[in-house]
Amino acid sequence: MASLIGSAVRRKEDPRLLTGNGCFTDDIKLTGMVHAAFLRSPHAHARIIRVDTEKARSLPGVTAVFTGLDLAGKMKAVPAMWFLPGCDLKPKDRPALATDKVRYAGEAVAVVIAENRYVARDALDLIEVDYEVLPAVVSQELAMQDDAALLHDDVPNNLALLWKAGEIPDQVFADAEVVVKQRLYNQRVIPSPMETRGAVAQYNPGSGEMTLWCTSQNPHIHRLIYADVLGIPETKLRIIAPDVGGGFGAKIATYTEEAVVACIAREIQKPVKWVEERKEHFMATSHGRDEVLEVELAGTKDGRITALRVTNTANLGAYLSTFGAGCPTIDFGLMVTGAYAIPQAAVVTYGVYTNTTPTDAYRGAGKPEATYQIERAVDLFADKIGMDPVEVRRINLVPNDAFPYNSAMGVTYDSGDYQKALDKALEIFDYAAFREEQKEQRQKGKYLGVGFSTYVELCGFGPSAVAGAIGFQGGVWENSTVRVHPGGTVTVFTGTSPHGQGTATTFCQIVAEKLGVPISDVELVSGDTQSVSMGWGTYGSRATAVGGAAVSLATDRVIEKARKIAAHELETTVDQIEFIAGQFTVKGDLSRSRTIQQIARSANYAWNLPEGVEPALEGQSFFDPSNFVYPFGTHICVVEVDEGTGEVEIRRYIAVDDVGRVINPLLAEGQVHGGIAQGVGQALWEGAVYTEQGQLQSGTFMDYTMPKARFFPPIESAFTETLSPVNPLGAKGIGETGTTAAPPAVVNAVMDALKPFGVAALDMPLTPEKVWRAIRSGRDKE
Amino acid sequence: MAHQVEVSMKVNGAESKSVIEPRMLLVHYLREELNLTGTHIGCDTSQCGACTVLLDGDPVKSCTVLAVQANGKSITTVEGLASKEGLHPIQMSFWEKHGLQCGFCTPGVMIAAIGLLNENPDPSEEEIRLALEGVICRCTGYQFIVDAVKHAAQTLREAGETKVAMADSMKA
Amino acid sequence: MQLSYTHTFSLQREIVWKLIQNEDVLKTAIPGCKSFSRMDDGSYDVEMGLSVGPVKGVFTGQVQMTDQEEPSYYCLKVKGKGLPGEVDAVAHMHLDETENGAAVTCRMEVVVTGVLASVGQRVMGGVAKLVLGQFFKSADTEMRKLTSQV
Numbered sequence: 000m001a002s003l004i005g006s007a008v009r010r011k012e013d014p015r016l017l018t019g020n021g022c023f024t025d026d027i028k029l030t031g032m033v034h035a036a037f038l039r040s041p042h043a044h045a046r047i048i049r050v051d052t053e054k055a056r057s058l059p060g061v062t063a064v065f066t067g068l069d070l071a072g073k074m075k076a077v078p079a080m081w082f083l084p085g086c087d088l089k090p091k092d093r094p095a096l097a098t099d100k101v102r103y104a105g106e107a108v109a110v111v112i113a114e115n116r117y118v119a120r121d122a123l124d125l126i127e128v129d130y131e132v133l134p135a136v137v138s139q140e141l142a143m144q145d146d147a148a149l150l151h152d153d154v155p156n157n158l159a160l161l162w163k164a165g166e167i168p169d170q171v172f173a174d175a176e177v178v179v180k181q182r183l184y185n186q187r188v189i190p191s192p193m194e195t196r197g198a199v200a201q202y203n204p205g206s207g208e209m210t211l212w213c214t215s216q217n218p219h220i221h222r223l224i225y226a227d228v229l230g231i232p233e234t235k236l237r238i239i240a241p242d243v244g245g246g247f248g249a250k251i252a253t254y255t256e257e258a259v260v261a262c263i264a265r266e267i268q269k270p271v272k273w274v275e276e277r278k279e280h281f282m283a284t285s286h287g288r289d290e291v292l293e294v295e296l297a298g299t300k301d302g303r304i305t306a307l308r309v310t311n312t313a314n315l316g317a318y319l320s321t322f323g324a325g326c327p328t329i330d331f332g333l334m335v336t337g338a339y340a341i342p343q344a345a346v347v348t349y350g351v352y353t354n355t356t357p358t359d360a361y362r363g364a365g366k367p368e369a370t371y372q373i374e375r376a377v378d379l380f381a382d383k384i385g386m387d388p389v390e391v392r393r394i395n396l397v398p399n400d401a402f403p404y405n406s407a408m409g410v411t412y413d414s415g416d417y418q419k420a421l422d423k424a425l426e427i428f429d430y431a432a433f434r435e436e437q438k439e440q441r442q443k444g445k446y447l448g449v450g451f452s453t454y455v456e457l458c459g460f461g462p463s464a465v466a467g468a469i470g471f472q473g474g475v476w477e478n479s480t481v482r483v484h485p486g487g488t489v490t491v492f493t494g495t496s497p498h499g500q501g502t503a504t505t506f507c508q509i510v511a512e513k514l515g516v517p518i519s520d521v522e523l524v525s526g527d528t529q530s531v532s533m534g535w536g537t538y539g540s541r542a543t544a545v546g547g548a549a550v551s552l553a554t555d556r557v558i559e560k561a562r563k564i565a566a567h568e569l570e571t572t573v574d575q576i577e578f579i580a581g582q583f584t585v586k587g588d589l590s591r592s593r594t595i596q597q598i599a600r601s602a603n604y605a606w607n608l609p610e611g612v613e614p615a616l617e618g619q620s621f622f623d624p625s626n627f628v629y630p631f632g633t634h635i636c637v638v639e640v641d642e643g644t645g646e647v648e649i650r651r652y653i654a655v656d657d658v659g660r661v662i663n664p665l666l667a668e669g670q671v672h673g674g675i676a677q678g679v680g681q682a683l684w685e686g687a688v689y690t691e692q693g694q695l696q697s698g699t700f701m702d703y704t705m706p707k708a709r710f711f712p713p714i715e716s717a718f719t720e721t722l723s724p725v726n727p728l729g730a731k732g733i734g735e736t737g738t739t740a741a742p743p744a745v746v747n748a749v750m751d752a753l754k755p756f757g758v759a760a761l762d763m764p765l766t767p768e769k770v771w772r773a774i775r776s777g778r779d780k781e
Numbered sequence: 000m001a002h003q004v005e006v007s008m009k010v011n012g013a014e015s016k017s018v019i020e021p022r023m024l025l026v027h028y029l030r031e032e033l034n035l036t037g038t039h040i041g042c043d044t045s046q047c048g049a050c051t052v053l054l055d056g057d058p059v060k061s062c063t064v065l066a067v068q069a070n071g072k073s074i075t076t077v078e079g080l081a082s083k084e085g086l087h088p089i090q091m092s093f094w095e096k097h098g099l100q101c102g103f104c105t106p107g108v109m110i111a112a113i114g115l116l117n118e119n120p121d122p123s124e125e126e127i128r129l130a131l132e133g134v135i136c137r138c139t140g141y142q143f144i145v146d147a148v149k150h151a152a153q154t155l156r157e158a159g160e161t162k163v164a165m166a167d168s169m170k171a
Numbered sequence: 000m001q002l003s004y005t006h007t008f009s010l011q012r013e014i015v016w017k018l019i020q021n022e023d024v025l026k027t028a029i030p031g032c033k034s035f036s037r038m039d040d041g042s043y044d045v046e047m048g049l050s051v052g053p054v055k056g057v058f059t060g061q062v063q064m065t066d067q068e069e070p071s072y073y074c075l076k077v078k079g080k081g082l083p084g085e086v087d088a089v090a091h092m093h094l095d096e097t098e099n100g101a102a103v104t105c106r107m108e109v110v111v112t113g114v115l116a117s118v119g120q121r122v123m124g125g126v127a128k129l130v131l132g133q134f135f136k137s138a139d140t141e142m143r144k145l146t147s148q149v
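Residue numbers (numbering that gives the first Met the number 0), protein chains in the order written: chain A, 0 to 781; chain B, 0 to 171; chain C, 0 to 149.
Quick caveat, the hints were computed from the structure, so don't treat them as lab data.
Incorrect hints may have been included.
To be verified - Dumping the calculated DMTMM-like pairs for lysine to aspartate or glutamate here, alpha-carbon to alpha-carbon at most 20 Å:
#1 C/Lys55 x A/Asp124
#2 C/Lys55 x C/Asp95
#3 A/Lys28 x B/Glu32
#4 C/Lys33 x A/Asp124
#5 B/Lys149 x A/Glu715
#6 A/Lys28 x B/Glu31
#7 A/Lys54 x A/Asp121
#8 A/Lys438 x A/Glu642
#9 A/Lys707 x B/Asp146
#10 C/Lys55 x A/Glu276
#11 C/Lys78 x A/Glu276
#12 A/Lys769 x A/Glu642
#13 A/Lys707 x B/Asp43
#14 A/Lys707 x B/Glu124
#15 C/Lys78 x A/Glu691
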């Protein structure tokens with residue numbers, strides 16, 4: 000039988016989704032259900048003087064209207080869960096509904112409950128709010144100035160945190176042969192999964208049980224936080240993430256709306272549904288990135304990088320979001336040296352409150368920003384010393400014999416073969432031929448450019464002891480139960496919570512392969528706190544590396560137990576039993592065997608079990624990895640810039656990724672494609688635009704450019720496979736490689752193309768207008 | 000109570016009749032009145048195409064059509080694609096080529112693809128990418144969607160289908 | 000957002016000066032004006048229906064005319080509040096003599112919030128010009144009516 004692990008199995012989840020039989024949050028309909036709609040602040044910063052809900056309440060069809068004051072004492076504000084130590088963190092919780100002040104445009108002020116969503120919307124228009132508008136501050140750099148508007152009275156200079164890691168004396172840079180300094184802005188982007196957020200809450204007044212269906216990447220985290228916010232014990236709070244239409248980090252955070260909906264379902268004793276409109280999503284769901292990066296790189300004339308110093312001024316938005324404190328610090332800071340052996344490195348991060356939507360994890364969370372600054376800096380360094388950017392990378396990449404590699408930032412890269420991925424990418428690309436073509440085309444007035452990104456990222460969260468040390472208020476281990484039913488079919492339970500990754504396929508592949516049963520006999524259960532004992536969810540590319548490892552170990556326990564029962568039935572000792580392709584066989588005697596299905600039946604009937612073996616056939620694992628995993632690779636982007644319009648066309652995109660063991664190459668490639676599309680999106684088109692008064696102008700898909708099919712050529716994807724030693728599968732993470740690697744590959748390519756115009760630095764997104772202006776000003780200088 | 004009107008239309012081959020508010024969008028009519036929740040709502044501004052359905056055989060964004068505008072017409076939603084014999088070739092191709100991840104945009108994308116194949120049974124890669132202008136997928140990066148549409152076109156051509164037939168509705 | 004608009008009246012500057020600040024003219028000329036009443040402090044309370052592309056709504060607000068330098072300049076301050084958001088505008092009105100009459104140039108600085116900002120912004124410039132155009136055209140008609148009656 001061909002190995003299931005490593006084969007391109009069609010997805011188990013697809014027939015349901017392809018026929019319209021999925022069940023997303025908005026598809027849930029309960030008897031007597033009413034609908035919620037939130038009234039949101041039009042101002043970025045204002046004092047609330049008066050909220051008059053009288054007219055709204057009297058509209059026919061309206062069940063109730065709540066303001067922040069109406070909810071006082073019924074639920075708490077929603078706290079963050081990452082309290083980074085040693086950085087003077089001043090966490091600010093999100094109020095259920097704003098009562099005294101609104102701090103960003105789109106903050107919820109009141110909520111209407113009505114018989115349908117149309118009436119709820121009508122009623123919103125009848126609520127009158129008087130605001131006293133206050134000066135707003137949008138830019139994190141301006142927000143730190145002494146005369147800036149203050150969001151929270153007890154947070155001077157709006158400085159939520161100041162984190163420092165490592166120190167390098169100025170002398171090191173003063174004495175360096177070559178120093179490159181560059182300011183880069185990694186702009187704010189809006190995650191935009193195609194399904195917005197939503198929640199349906201049902202309360203049983205008899206038992207006190209609350210069921211909350213919501214668009215979550217981590218229902219157990221939602222239960223942990225909301226149990227406290229709502230004052231409901233975890234035993235009586237059931238969170239279900241049904242089918243979830245994409246997350247990209249935006250559905251990690253515990254927001255207020257879901258908790259408000261649950262709180263009101265308890266108040267009015269009716270099921271309540273809320274589904275975010277897209278324009279609400281733009282303002283009310285967390286944004287990503289928004290970091291001003293000042294990088295200083297020291298090196299030698301012959302291409303060796305000797306030191307790196309980075310200052311990150313990060314925009315946290317108006318409140319501290321769930322993972323908000325961790326993204327620009329730990330996630331960013333620990334990876335600033337990238338794939339290079341840089342002996343000295345230091346990072347300072349300022350986390351700043353502003354009158355904008357709170358920021359949190361977005362696909363990659365800190366690692367894309369880290370990769371962006373180092374990959375851009377390496378190109379600038381190469382330019383300065385007149386060396387080819389590939390050559391500089393070769394000189395500085397962490398060598399194979401250095402793994403496990405201790406970086407200057409104090410983390411240990413698990414395994415790698417960075418040169419191999421680079422070689423493979425170059426082989427697909429044909430670099431020499433490209434440089435020839437580039438030269439020829441330039442003479443014809445066509446501007447081609449190539450950009451490289453030899454990235455590494457940290458993922459597979461992670462050892463729980465580390466989580467504790469960095470102030471993450473939870474564990475990051477993972478749990479799985481593998482249950483073999485009397486008939487021989489298998490249910491697998493995981494604490495990860497998929498939302499498009501295809502986990503129901505990959506995890507079943509692992510179990511089916513190990514147990515030697517057809518994959519059609521294996522089903523995955525996830526996303527339900529009542530079915531799955533515990534877990535920490537899907538984010539940080541941890542599902543396969545941590546969750547999959549737990550599945551693998553739980554399956555091993557099933558086999559171990561089944562082997563004992565088989566030995567007993569076959570009247571031999573355990574060490575005499577071989578288990579191959581679903582058959583337990585006595586060594587050297589093929590006639591004496593039992594199938595796993597036969598053992599499942601006897602284990603569950605328990606008529607004749609060996610001494611000390613309990614009935615049923617089930618294994619559980621709680622897997623806490625010893626380290627993070629560090630996927631890596633080389634991405635190469637070729638662009639053509641239209642001199643007349645400034646438009647950037649992607650001509651080729653080559654991605655060689657090493658994500659350790661690949662469970663399903665088809666799904667792995669799908670993850671690569673999707674990540675690259677988002678990464679290219681950030682490089683070229685996407686960006687949140689605020690006015691100085693804090694109004695989000697890029698507030699719909701009309702103004703926020705989402706990548707479309709026609710923007711891309713076919714992506715050339717390949718893998719190398721360097722196993723990780725930190726989990727039994729040897730798997731690393733794959734979900735975030737594209738958003739991490741792509742932005743600098745694209746920007747480096749555009750900069751390469753613009754060299755004839757003397758353009759050295761442009762900030763993302765590289766829109767046609769920006770590129771066109773740069774070309775023009777380059778021309779004017781000539 | 001708000002003014003109500005009666006609408007009737009044929010949805011996936013079955014006659015439906017309801018009394019609704021005239022402002023009700025077709026997508027809400029399908030989802031709330033008929034419980035056909037396979038058609039999704041992804042934006043408020045008719046950019047994302049998750050709500051695309053066939054209206055008398057042509058793809059439309061059902062979030063920008065009032066239910067009353069569809070009165071007397073024939074609608075095909077994702078629920079109407081497969082037959083008892085199995086999946087429609089477009090569904091089969093999306094499955095085989097991994098043309099979906101979270102699956103939220105997929106119903107609309109498949110319907111948009113059917114709209115293309117009805118007009119152009121042998122589209123080039125570029126034509127497919129252009130035809131997907133009206134839909135947004137955040138997960139796949141589109142490449143496997145393009146592959147799936149190409150594969151579906153080939154399957155349908157080999158089967159000698161000139162029009163992309165639906166399980167029940169289009170035959171009426 | 001900044002915008003400017005010029006309309007040329009075929010009336011003498013002094014007449015335009017008087018009439019363009021005249022209550023009845025304003026009431027008729029403000030597009031969608033539902034009510035226009037003078038307050039004790041000399042400002043006006045206004046209610047007007049406005050439609051900016053997909054964003055429609057009724058706005059209530061105050062209009063104030065200050066810094067008059069007869070007959071060449073005054074400042075118009077508008078604060079409006081409606082369901083789609085809030086509008087805060089300062090308009091500098093310059094009246095210049097021309098060959099056949101008077102040109103009124105309106106230079107305006109507008110700040111908007113809410114849906115007006117997030118959805119309406121991209122069409123605001125065009126719509127604002129349209130609204131100003133309508134205003135001046137109606138004002139022109141109204142002024143002619145009044146002057147011919149005199």
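What are the numbers of the hints that this structure violates, sorted from low to high?
-> The structure breaks hints 2, 11; every other hint is satisfied.
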